[in-house]
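Each chain, letter by letter, is given below.
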Amino acid sequence: MTMFARRLRYWFNRSHRFDGLGEEMRLHVEEKIAELRQQGVSEADAERRAHQMFGNGTRYQEEAREVWISGWWDTLVRECNYGIRSLLRKPVATAVMVSSLAIGLAVTMSILSVANAYLLRSMPYPAADRLYHVMYTQPGQPEPRGIALIDWKAMANTVELADSNSEVRFYARFDGAIQEVMGLASSTSTAETLGVRVATGRYFEASDFRPGSEPVALIGQTLWKNQFGADPNVVGRQFRANLNLEGPLDTYRIVGVLSPEFRGLRDHLHSPTDILIPRRGPGRAYMVRLREGVPASLAAERITEAVREVAPALPPNWKGAQLESVHERYVKEIRPLLTALSIASILLLVLVCVNVGILMLLRSLRRQHEVAVRLAIGAGRREIVRMVTAEAFVLSGTAVLCGFVLTKLSLGILAPLIETELGRPAPGGAIAIGLSPATFLAVGGSTLLLTLSLSFFPMLTGQRLAETLRRSTRGGMGTNAMARIRSSLVAFEVAGSLMLLVGCGLMIQSVLNLVHTDLGYETANILRSRLALPARTYPDTRAQASFYERLVLRLSSDSVAAVLTNYPPFYEPIRHPVELASGPMDGTIGVVAVSPGYFDMLHIPTLQGRVFLEDDRIGADPVAIVSESLAVKLWPNQNAIGQRLRTADDTPGQSPLTSWRTVVGVVRDVRQTHKDEDLRDIYIPFFQAPGAYAPLYIQTNQPAAVWLPKLRAMIAEIDSDVLLSGLTSLTEDADKEMKEPRFLATMLGAFAGFAMLLVVLGIYGVTAYAAQQREHEVTVRLALGATRGSIARLFLKDSGATLMVGIVIGLTAAAAGSRLIVNQLHGVQPFDPLTQGVAAAALVGIGLLATWWPTRRVSNSSPVAVLKQD
Amino acid sequence: MGRKPQKNDSLPGSLDMLILKVLSRSPLHGYGIVQSIRTSSEEELIVEEGSLYPALQRLELNGWIDGEWGVTESNRRARIYTITAVGRKQLTRERQRYRQLTLAIARVMEG
Numbered sequence: 001m002t003m004f005a006r007r008l009r010y011w012f013n014r015s016h017r018f019d020g021l022g023e024e025m026r027l028h029v030e031e032k033i034a035e036l037r038q039q040g041v042s043e044a045d046a047e048r049r050a051h052q053m054f055g056n057g058t059r060y061q062e063e064a065r066e067v068w069i070s071g072w073w074d075t076l077v078r079e080c081n082y083g084i085r086s087l088l089r090k091p092v093a094t095a096v097m098v099s100s101l102a103i104g105l106a107v108t109m110s111i112l113s114v115a116n117a118y119l120l121r122s123m124p125y126p127a128a129d130r131l132y133h134v135m136y137t138q139p140g141q142p143e144p145r146g147i148a149l150i151d152w153k154a155m156a157n158t159v160e161l162a163d164s165n166s167e168v169r170f171y172a173r174f175d176g177a178i179q180e181v182m183g184l185a186s187s188t189s190t191a192e193t194l195g196v197r198v199a200t201g202r203y204f205e206a207s208d209f210r211p212g213s214e215p216v217a218l219i220g221q222t223l224w225k226n227q228f229g230a231d232p233n234v235v236g237r238q239f240r241a242n243l244n245l246e247g248p249l250d251t252y253r254i255v256g257v258l259s260p261e262f263r264g265l266r267d268h269l270h271s272p273t274d275i276l277i278p279r280r281g282p283g284r285a286y287m288v289r290l291r292e293g294v295p296a297s298l299a300a301e302r303i304t305e306a307v308r309e310v311a312p313a314l315p316p317n318w319k320g321a322q323l324e325s326v327h328e329r330y331v332k333e334i335r336p337l338l339t340a341l342s343i344a345s346i347l348l349l350v351l352v353c354v355n356v357g358i359l360m361l362l363r364s365l366r367r368q369h370e371v372a373v374r375l376a377i378g379a380g381r382r383e384i385v386r387m388v389t390a391e392a393f394v395l396s397g398t399a400v401l402c403g404f405v406l407t408k409l410s411l412g413i414l415a416p417l418i419e420t421e422l423g424r425p426a427p428g429g430a431i432a433i434g435l436s437p438a439t440f441l442a443v444g445g446s447t448l449l450l451t452l453s454l455s456f457f458p459m460l461t462g463q464r465l466a467e468t469l470r471r472s473t474r475g476g477m478g479t480n481a482m483a484r485i486r487s488s489l490v491a492f493e494v495a496g497s498l499m500l501l502v503g504c505g506l507m508i509q510s511v512l513n514l515v516h517t518d519l520g521y522e523t524a525n526i527l528r529s530r531l532a533l534p535a536r537t538y539p540d541t542r543a544q545a546s547f548y549e550r551l552v553l554r555l556s557s558d559s560v561a562a563v564l565t566n567y568p569p570f571y572e573p574i575r576h577p578v579e580l581a582s583g584p585m586d587g588t589i590g591v592v593a594v595s596p597g598y599f600d601m602l603h604i605p606t607l608q609g610r611v612f613l614e615d616d617r618i619g620a621d622p623v624a625i626v627s628e629s630l631a632v633k634l635w636p637n638q639n640a641i642g643q644r645l646r647t648a649d650d651t652p653g654q655s656p657l658t659s660w661r662t663v664v665g666v667v668r669d670v671r672q673t674h675k676d677e678d679l680r681d682i683y684i685p686f687f688q689a690p691g692a693y694a695p696l697y698i699q700t701n702q703p704a705a706v707w708l709p710k711l712r713a714m715i716a717e718i719d720s721d722v723l724l725s726g727l728t729s730l731t732e733d734a735d736k737e738m739k740e741p742r743f744l745a746t747m748l749g750a751f752a753g754f755a756m757l758l759v760v761l762g763i764y765g766v767t768a769y770a771a772q773q774r775e776h777e778v779t780v781r782l783a784l785g786a787t788r789g790s791i792a793r794l795f796l797k798d799s800g801a802t803l804m805v806g807i808v809i810g811l812t813a814a815a816a817g818s819r820l821i822v823n824q825l826h827g828v829q830p831f832d833p834l835t836q837g838v839a840a841a842a843l844v845g846i847g848l849l850a851t852w853w854p855t856r857r858v859s860n861s862s863p864v865a866v867l868k869q870d
Numbered sequence: 001m002g003r004k005p006q007k008n009d010s011l012p013g014s015l016d017m018l019i020l021k022v023l024s025r026s027p028l029h030g031y032g033i034v035q036s037i038r039t040s041s042e043e044e045l046i047v048e049e050g051s052l053y054p055a056l057q058r059l060e061l062n063g064w065i066d067g068e069w070g071v072t073e074s075n076r077r078a079r080i081y082t083i084t085a086v087g088r089k090q091l092t093r094e095r096q097r098y099r100q101l102t103l104a105i106a107r108v109m110e111g
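Protein chains in written order, with the working numbering: chain R, 1 to 870; chain P, 1 to 111.
Hints should not be assumed to be uniformly reliable.
Claimed, not checked - Computed, partial: chain P to chain R, Cβ under 8 Å:
| no. | residue |
| --- | --- |
| 1 | P27 |
| 2 | G30 |
| 3 | Y31 |
| 4 | R38 |
| 5 | S41 |
| 6 | E42 |
| 7 | E48 |
| 8 | G50 |
| 9 | S51 |
| 10 | Y53 |
| 11 | P54 |
| 12 | R76 |
| 13 | A78 |
| 14 | R79 |
| 15 | I80 |
Honestly, the hints are just simulated from the structure, not real lab data.
C-beta atoms are modelled at their ideal positions from N, C-alpha and C, and glycine is treated no differently.
Let's have the full structure, built from the sequences with the hints guiding it.
Encoded structure:
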């Protein structure tokens, strides 16, 4: 057993041991008395002599106790008590330090908790770290054929499970209307790979996967509650649904309800899986679980070989199969955002610590008198260090505790908000966004260490604090070394703040650029949804057009303007090759089909010619409208009206070019998305090229929630088999594009604001101290005729130099740091001289103000009063 | 400032050594140790008896002796101290150091 363990054991029994020692000592004295009595000494005499020989029992008892709980603990407790008292003597300064540290800690711990929940926690599947998506080819390339035939059993030493689950969209009939529900077709291994759990009923049996057996399904909690009234006897009930709108609806028998913990695949994490069905027959395995210890690269090689074996022909430039972990695919889009925020928050916390370091240093300097007294009564350098350390310890310890409580509180409120902002739930659910002990220990511990070391950092430098303080000169600024440390800390603070400020400036510019992007159309008071027509009732474009016409007519009978398109704004339109009378054109052009009224509804002005009319339908002359940019590009110095062009209406490269169209109008350029740089567009009449799917726009000032049931009812009047998916407002959709940059701008803005506040505190504190020290000198100067301005300049010179050093370092660091947010920037480069200049100027302005303010007090004081003090 | 009380020992560490020596013969309780030292030294070495207790705690902290509650000859509850194996090694070391020291002092005094 080590000495420490013995001490610890004593500590836990300390009162018991202390009492025991008392008993031992009493026994000792009593035995002594008894012995003396035996020798014939009188009772009173024996007692006196026994006590005399024993000595001061209380002192020895104390001394014995100190053997165990030695001075260090007692001293620590005493120093901490003293530290608390002395900190409370300056309540404002202490409150500033504790609260800034606590806020800094809470911000950093919250952000790191979020980053941890997303980037480090694994997905809610069993053995999720061995679960990978398989990509058989590069994105956008055709997949090799024959993949379904891969012999996974031959790879059993690499791939533990191959899963051909896939996300499916169900069209299900509930309450008489067709609805779209998220489904998952599971393979025989899905139960294991995704950890499917069933709350009531049973999971699929082997026979359920056999083609031709009765269709069965497991339903999700949401569907169970909303459509089946949380019926406890739901097992055995049926519903009608289909995987597409082509065939008739199948009847599915419910065999169970999924457990609420089951999250489904990536997209299902947004809206949980509603329907789980067994996949009949083989499918392509897009998900694999590797054996333990098998690297993904090796598995990818094996799968590539397997594809080579089964594929009858491979594309010439085929690069082989690749694996991507399910976690990576889930978080890769938000990783840059979270990384940038984490780094920014750590920088902020370091700035807070530096600021506390500056304030603590000034505190020590201000207490020259007290320190001098302590030194005079025999305290050495060690004692002074211990005093400062105990204070810093009490201070940062309190702050860490406050920060902990703040984090707990803020995460409870923030976690759901953050999930919404990031647009996807944390892999482990909102509950996973919590302060983990590791995060707390790492952040709290390093803050404690940093504050402590910054507090006695000055004492470790060549010129020791004790000596400096011993000199206790009036009018001195401390030693040069001390002044250098102080300036370096302030410069560091300025540099860090500048980095945050530049980052914030860049993000604000990006958001402003997005907000001020002239889309070229109005989004106000427009709701949109998507219609899907079942192929069996609407086999051709004529039938489809007739349904759409009836719907528009029905809406207009309620005086609601409605239009249909094939591609809505905020999606890149499908691009097609275009052919002119003079020959085919280079590249592709976005083609948008719109119904009459589209340009009016979105307020897109017609510059030449006409808009589409009701007569522009199938059978009528094919016409087109072009955007201004396209007209100028194709027919410079010519009238676009009457020109002819043709384009494919459907999937590029697959459908033949359609008939020649005559240009009948030119409209103003629009941006289909905020980031759309190509303003050349072709519009064709929707009713000359309708499809089974079509976005529907209606103009109304009522909210979507009011319109959804109304619209469903209207559609059901015409055909209850037509699907209408959710209704959203166009303005909200436009807003979504700005969500991430705006979030980052807000966060960085808050950080930068906080950092600026710290700079003000730091510079103010340093100057106020310097001003106080030089009060004497200043009054003499004033008496000799110096102006207030010249006094202020005296201090501004000092602080200006520090500021400049900070700015130069900060600008360099900011130029490098901005790369972190490069993918969030819009219309501004990571190195933007204007932003850098403005941020630097703002910081210099604030820094000089923080310098000038405390000097006012000195220059206002009466020379007589100051000089009299000596 | 948490100064430790100054020890007033003419021969530093001698009390520790004496306690170890006495305990190496047989386990004893506090009063027994004092008695034993007094009798062995023929009443020459008389310490302030209370100073024994901090010394015992120090030895215990170092792991040289063990204290267990037991019963004395006079049938009273007392803490009985036993020397440990580490303690015996320490005693050997102390004895050697003591011999060198006394030898050196003797050389100076008689030289």
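Results of checking the hints against the structure:
1. P27: 14 Å, violated
2. G30: Cβ of G30/P sits 5 Å from chain R, so the hint holds.
3. Y31: This interface hint holds because 5 Å falls under the 8 Å limit.
4. R38: With a minimum Cβ separation of about 10 Å from chain R (threshold 8 Å), the hint on R38/P is violated.
5. S41: 15 Å, violated
6. E42: The hint is violated - E42/P has no Cβ within 8 Å of chain R, the shortest such distance being about 17 Å.
7. E48: 4 Å, holds
8. G50: Status holds, d = 4 Å.
9. S51: Nearest chain R Cβ about 6 Å off; hint holds.
10. Y53: 5 Å, holds
11. P54: Because about 4 Å separates P54/P from the closest Cβ in chain R, which is inside the 8 Å limit, the hint holds.
12. R76: 6 Å, holds
13. A78: 6 Å, holds
14. R79: Status holds, d = 5 Å.
15. I80: 10 Å, violated
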